[in-house]
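Given these sequences and hints, build the entire structure.
As given, the protein sequences belong to chains F and E, one line each in that order.
Anchor point for the first sequence: position 79 equals 79 in my numbering, and the numbering is continuous, going up by one each time.
Anchor point for the second sequence: position 148 equals 1148 in my numbering, and the numbering is continuous, going up by one each time.
To be clear, the hints were calculated from the coordinates, so they are not data collected in a lab.
Wrong hints could be hidden among the right ones.
[Said to hold, decoys possible] FRET-style restraints, in silico, Cβ to Cβ:
| # | chain 1 | residue 1 | chain 2 | residue 2 | range |
| --- | --- | --- | --- | --- | --- |
| 1 | E | Ile1023 | F | Arg41 | 17 to 25 Å |
| 2 | E | Glu1048 | F | Arg41 | 31 to 39 Å |
| 3 | E | Asn1181 | F | Phe36 | 34 to 42 Å |
| 4 | E | Lys1059 | F | Ser109 | 31 to 39 Å |
| 5 | E | Arg1087 | F | Asn116 | 37 to 45 Å |
| 6 | F | Tyr119 | E | Asn1030 | 28 to 36 Å |
| 7 | E | Asn1030 | F | Phe36 | 17 to 25 Å |
| 8 | E | Ser1161 | F | Asn46 | 38 to 46 Å |
[Said to hold, decoys possible] Below, in silico cross-link-like pairs of lysine to aspartate or glutamate (DMTMM-like), each with a Cα-Cα straight-line distance of 20 Å or less:
| # | chain 1 | residue 1 | chain 2 | residue 2 |
| --- | --- | --- | --- | --- |
| 9 | E | Lys1146 | F | Asp111 |
| 10 | E | Lys1173 | E | Glu1098 |
| 11 | E | Lys1137 | F | Glu17 |
[To be verified] Where chain F lies over chain E, by a calculated footprint (3+ residues, C-beta under 8 Å):
| # | region |
| --- | --- |
| 12 | 1015 to 1023 |
| 13 | 1118 to 1128 |
By construction, the Cβ of each residue, glycine as well, lies at the ideal position given by its N, Cα and C atoms.
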Amino acid sequence: MKINMQRDKAILKALNEDVFPSLSPNFNERAMQLIFKEVKRKKKRNFIFMICSISAVSVGLIVLAFYLLKHFLSFNFAVHIQIPSFSLDSISQYYFDIYIAVLILVLISLDHLFRNIWYKKKYEGSVGQ
Amino acid sequence: MDNQEEFQIIQRICEGEINLYSIFLHRYSNAIYSLIVRIVASKEDAEELTQDVFLKAFKKLDTFHGKSGFLTWIYRIAYNTAISATRKTRQEIYYFDESMIDKVSEQHVDQLFENDENEALHHKLQLSMDKLNPEEKMLLLLHYSKGEKLNDIASIMSLSSDNVKIKLYRLRKKLYFLITNED
Chain F
1 MKINMQRDKA
11 ILKALNEDVF
21 PSLSPNFNER
31 AMQLIFKEVK
41 RKKKRNFIFM
51 ICSISAVSVG
61 LIVLAFYLLK
71 HFLSFNFAVH
81 IQIPSFSLDS
91 ISQYYFDIYI
101 AVLILVLISL
111 DHLFRNIWYK
121 KKYEGSVGQ
Chain E
1001 MDNQEEFQII
1011 QRICEGEINL
1021 YSIFLHRYSN
1031 AIYSLIVRIV
1041 ASKEDAEELT
1051 QDVFLKAFKK
1061 LDTFHGKSGF
1071 LTWIYRIAYN
1081 TAISATRKTR
1091 QEIYYFDESM
1101 IDKVSEQHVD
1111 QLFENDENEA
1121 LHHKLQLSMD
1131 KLNPEEKMLL
1141 LLHYSKGEKL
1151 NDIASIMSLS
1161 SDNVKIKLYR
1171 LRKKLYFLIT
1181 NED
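Take a look at the structure:
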């Protein structure tokens, strides 16, 4: 049993002369945009997975530490952990702490914003090339 | 661009140079589309499926080991995508008694298909091809239109090379039967 493609001229002609519609002119660009979206989605998924894993491990370690301290080392939490007390003298100190915390949040937000702008410019520039 | 070069580009894409994927899109999108559009017959569906094929290929890019060319590898994804799409939609099924194939003489088949000047035959062939099922159409396209090797077709369609040979052999006879018994 031999299959000789060149011998079947009629089939070759019928298939090769069959006219089919062509792709939309911007098909490749649209497909690339879809690919970039997928990459973004994958990064987001990985980030969420990482955060969940870290949180789960952290909670596990804290629970384990509490369990070990309480059952094996007979640690009394009521005695060793002080309940924070608030007085008028310490309020000015809290204001300063809050100021620092807000400052850090603002700086982190600005960093995030500028990074996003930079990535967007970088991707748009490279797609246009 | 040979297999080795394609494999190197794919490794770079996996390392984060995503823009390089557009090389494959520019090079192969028409080849994939021309295959799918002949199976699903709707321009819009075929374009969407072609996009699907490239997205699936991108997601699986880390599983490409360069044993075959990228085109053969992506043909396999296109084949599976197109066949699944046809299974989801209502297809007109043409009943054909497979035992009739055994009664067709190979010599007659050879003689008929050797002639490419006959316009009536050309028309009948195109009508007969429409009566083939999607797997058969795909086999015909990969072999005759895309010029894929039997080994590659076997890999694309998850068959053995011998099985591909047998299917092609029977397909030629089926086409002959459909043409000669059109009425």
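Consistency of the hints with the structure:
Taken as a hint, the range 17 to 25 Å holds for the pair Ile1023(E) and Arg41(F), whose Cβ atoms sit roughly 23 Å apart. At roughly 19 Å, the beta-carbon separation of Glu1048(E) and Arg41(F) lies outside the given 31 to 39 Å, and the hint is violated. The beta-carbon spacing between Asn1181(E) and Phe36(F), approximately 53 Å, falls outside the hinted interval of 34 to 42 Å. A hinted range of 31 to 39 Å holds for the C-beta pair Lys1059(E) and Ser109(F), which are about 33 Å apart.
The given range of 37 to 45 Å is respected by Arg1087(E) and Asn116(F), whose C-beta atoms sit roughly 43 Å from each other. Between Tyr119(F) and Asn1030(E), the C-beta spacing of about 31 Å keeps the proposed range 28 to 36 Å intact. At about 22 Å, the CB distance of Asn1030(E) to Phe36(F) agrees with the hint of 17 to 25 Å. As the Cβ distance of Ser1161(E) to Asn46(F) is approximately 40 Å, the hint placing it in 38 to 46 Å holds.
Restraint check for Lys1146(E) and Asp111(F): not satisfied, since their Cα atoms lie roughly 52 Å apart, outside the 20 Å limit. Simply put, Lys1173(E) and Glu1098(E) have alpha-carbon atoms about 10 Å apart, close enough for the 20 Å limit, and the pair holds. Of the pairs offered as hints, the one joining Lys1137(E) and Glu17(F) holds, with about 15 Å between alpha carbons and a cut-off of 20 Å not exceeded. Using a Cβ-Cβ cut-off of 8 Å, 4 residues of the region 1015 to 1023 of chain E lie near chain F, which meets the minimum of three, so the contact claim holds.
For a cut-off of 8 Å, the count of residues in the region 1118 to 1128 of chain E with a CB near a CB of chain F stands at 5, and the three-residue condition holds.
In terms of the numbered hints stated before, the structure departs from hints 2, 3 and 9, listed from lowest to highest.
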